[in-house]
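All residue numbers for the sequence shown refer to the numbering used here, where the first residue is 86 and numbers rise by one.
Mixed in with the good hints, there may be bad ones.
To be verified - Capping the alpha-carbon separation at 25 angstroms, the derived lysine-lysine pairs in BS3-like fashion look like this:
1) Lys180 - Lys139
2) Lys204 - Lys112
3) Lys191 - Lys204
4) Lys220 - Lys115
5) Lys181 - Lys150
6) Lys227 - Lys106
7) Lys129 - Lys242
8) Lys145 - Lys191
9) Lys181 - Lys139
10) Lys181 - Lys145
11) Lys112 - Lys191
12) Lys129 - Lys139
13) Lys150 - Lys139
14) Lys139 - Lys179
15) Lys179 - Lys166
16) Lys181 - Lys191
17) Lys106 - Lys179
18) Lys115 - Lys191
19) Lys204 - Lys227
20) Lys139 - Lys204
21) Lys145 - Lys166
22) Lys145 - Lys106
23) Lys218 - Lys115
24) Lys179 - Lys150
25) Lys222 - Lys115
26) Lys112 - Lys150
27) Lys106 - Lys181
28) Lys179 - Lys191
29) Lys191 - Lys180
30) Lys150 - Lys180
31) Lys181 - Lys204
32) Lys115 - Lys129
33) Lys218 - Lys112
34) Lys139 - Lys218
35) Lys218 - Lys129
36) Lys112 - Lys179
37) Lys129 - Lys191
None of these hints come from the bench; they were simulated from the model.
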Amino acid sequence: MGVFSRFKDIVNANINALLDKAEDPEKMLKLMMQEMEDTLIELKSNCAARMASKIRLERKIAEQKALISRWQTRAELAVDKGRDDLARDALIEKKKETETLNTLLKDVDNYSEIIEQSKTEINQIEDKLNQAKLKLKSLQEKARAAEAEALANERLKRSTEAHFEDFESIIDKMKAENELSKPAKTTADMFRELEEQDEIEKELEALKKGRE
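Go ahead and model the full structure; you've got the sequences and the hints to work with.
Dropping the structure here:
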């Protein structure tokens, strides 16, 4: 079963309300548009068939008017010839054909009303379909914009992480260069450190003895 079940359902449908309830609005909208297009094809086909029927009726009406005119001419001829009996028969036939003509005229009027109604329905469906197309375009543009934004954010994140890693590398390199730039200890420096340590040890021993 389609999204819409009747013509009125399509015309009265609130597209935005239906999409708000849909899990996949774009998919839902495409289904709606497909049903609208199918309905349009059916309406146009029916309208074309009725228009063809109306044309055939109009042709019959023209033929019927010609037939009525012939019976009228025959009735007049019969009167001129003094044949009232034939004139009477001609008028009877004229009356019958006139009744047929009136029926055909009513049928044409009915077809005209139906065709106008069909055209109105077609216009309404086309308007609804155009609304749906605009909505679909809007949804697709929003989806593309969201995708582009997500991609830009991802690129920015990667760029920031890369810059941070580069910054850490620079700091590590600076530390290493700083260590390498320190002057190497000379032999005198090392003996001086030993002497200082020896003096501290002696002071510590003296302090311990003084506390005994």
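Each hint tested on the structure:
no., hint, verdict
1, Lys180 - Lys139, "holds, 24 angstroms"
2, Lys204 - Lys112, "violated, 29 angstroms"
3, Lys191 - Lys204, "holds, 20 angstroms"
4, Lys220 - Lys115, "holds, 10 angstroms"
5, Lys181 - Lys150, "holds, 12 angstroms"
6, Lys227 - Lys106, "holds, 18 angstroms"
7, Lys129 - Lys242, "violated, 55 angstroms"
8, Lys145 - Lys191, "holds, 13 angstroms"
9, Lys181 - Lys139, "holds, 22 angstroms"
10, Lys181 - Lys145, "holds, 15 angstroms"
11, Lys112 - Lys191, "violated, 47 angstroms"
12, Lys129 - Lys139, "holds, 15 angstroms"
13, Lys150 - Lys139, "holds, 16 angstroms"
14, Lys139 - Lys179, "holds, 24 angstroms"
15, Lys179 - Lys166, "holds, 19 angstroms"
16, Lys181 - Lys191, "holds, 16 angstroms"
17, Lys106 - Lys179, "violated, 66 angstroms"
18, Lys115 - Lys191, "violated, 42 angstroms"
19, Lys204 - Lys227, "violated, 35 angstroms"
20, Lys139 - Lys204, "holds, 15 angstroms"
21, Lys145 - Lys166, "violated, 31 angstroms"
22, Lys145 - Lys106, "violated, 54 angstroms"
23, Lys218 - Lys115, "holds, 9 angstroms"
24, Lys179 - Lys150, "holds, 10 angstroms"
25, Lys222 - Lys115, "holds, 11 angstroms"
26, Lys112 - Lys150, "violated, 57 angstroms"
27, Lys106 - Lys181, "violated, 63 angstroms"
28, Lys179 - Lys191, "holds, 18 angstroms"
29, Lys191 - Lys180, "holds, 17 angstroms"
30, Lys150 - Lys180, "holds, 12 angstroms"
31, Lys181 - Lys204, "violated, 35 angstroms"
32, Lys115 - Lys129, "holds, 21 angstroms"
33, Lys218 - Lys112, "holds, 13 angstroms"
34, Lys139 - Lys218, "violated, 34 angstroms"
35, Lys218 - Lys129, "holds, 20 angstroms"
36, Lys112 - Lys179, "violated, 64 angstroms"
37, Lys129 - Lys191, "holds, 23 angstroms"
Violated hints, in rising order: 2, 7, 11, 17, 18, 19, 21, 22, 26, 27, 31, 34, 36; the structure is consistent with all others.
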